[in-house]
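For the sequence shown, UniProt numbering assigns the number 1 to the initial residue and increments by one for each residue that follows.
Keep in mind the hints are simulated off the structure, nothing from the lab.
Since the structure is predicted, the reported quantities are computational estimates derived from the model, not experimental observations.
Check each hint, because a few of them may be wrong.
[To be verified] Below 16 Å or equal to it, Euclidean Cα-Cα: the simulated EDC-like pairs (lysine to aspartate or glutamate) are:
#1 Lys77 - Glu55
#2 Lys29 - Glu11
#3 Lys71 - Glu99
#4 Lys31 - Glu11
#5 Lys77 - Asp19
#6 Lys27 - Glu11
#7 Lys29 - Glu55
#8 Lys71 - Asp47
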Amino acid sequence: MKRLFLLRHGEAGFSEGTDFQRQLTNKGKEKLNQLGKELQSRSLSIDFMFCSTAERTMQTAGIIQQYISIKEEVFLKDIYESNLGGLIHILEGCPTHAESCLIIGHNPILSLLVSHISGENYINMQPGMLACLDLEISDWNMVGVNTGSLIEILQ
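Kindly produce the complete structure, drawing on both the sequences and the hints.
So this is what it looks like as structure tokens:
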């Protein structure tokens with residue numbers, strides 16, 4: 001069994017630059033700190049993290065890493081540009097030894113991935129929302145339709 005965590009970046013403001021350059025608002029940072037404290041109280045540890053290289057997702061990762069241990073991490077621009085199939089392909093690349101994986105990314109792809117894996121109706125992942133799924137797989141390359149159950153959503 002594997003455990004997957006999907007975290008949508010925190011609330012971001014508008015930017016004079018590109019969408020890729022948008023930064024977290026103070027409210028977004030505050031909510032992520034609250035989430036981080038909750039995860040810390042559960043002694044959560046993550047084996048592997050994939051994170052988009054967009055500014056707001058990298059800021060999100062920085063805040064969460066203040067509260068929990070993340071053993072390995074990879075930052076990919078592809079997460080920002082990805083469709084559902086692309087994000088599944090990225091997830092399939094998670095090392096076999098990793099029992100838990102965190103993806104910090106964007107909507108609507110994260111919401112689609114929750115529904116795809118769990119078979120649940122579409123859940124609109126709000127900024128700073130974390131979905132936790134248990135996957136009935138032994139290797140990440142087995143992830144697919146209805147291979148997991150949505151255990152919890154934290155916000």
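(message) For a C-alpha distance cap of 16 Å, please report whether Lys29 and Glu11 respect it.
(response) holds (8 Å)
(message) So if I understand the rule, the pair passes when the alpha-carbon distance is 16 Å or less; does Lys29 with Glu55 pass?
(response) Satisfied, since the Cα-Cα distance of roughly 13 Å is no more than 16 Å.
(request) Verify the proposed pairing of Lys77 with Asp19, using a straight-line Cα cut of 16 Å. (result) The hint holds at about 13 Å.
(request) With a cut-off of 16 Å on the C-alpha distance, tell me whether Lys31 and Glu11 pass. (result) Roughly 9 Å between the alpha carbons, so the hint for Lys31 and Glu11 holds.
(request) Compare the distance between the alpha carbons of Lys71 and Glu99 with 16 Å, and conclude whether the hinted pair is satisfied. (result) Judged against 16 Å, a Cα distance of about 11 Å means the pair holds.
(message) Given the hinted pair Lys77 and Glu55, is their Cα-Cα distance within 16 Å?
(response) Judged against 16 Å, a Cα distance of about 11 Å means the pair holds.
(request) Quickly compare the C-alpha distance for Lys27 and Glu11 to 16 Å and report which way the hint goes. (result) OK: Lys27 and Glu11 at ~7 Å, within 16 Å.
(message) Does Asp47 sit within 16 Å of Lys71, going by the straight-line distance between their CA atoms?
(response) With a Cα-Cα distance of about 5 Å, the restraint between Lys71 and Asp47 holds, given a limit of 16 Å.
Checked against the numbered hints given earlier, the structure satisfies every one of them.
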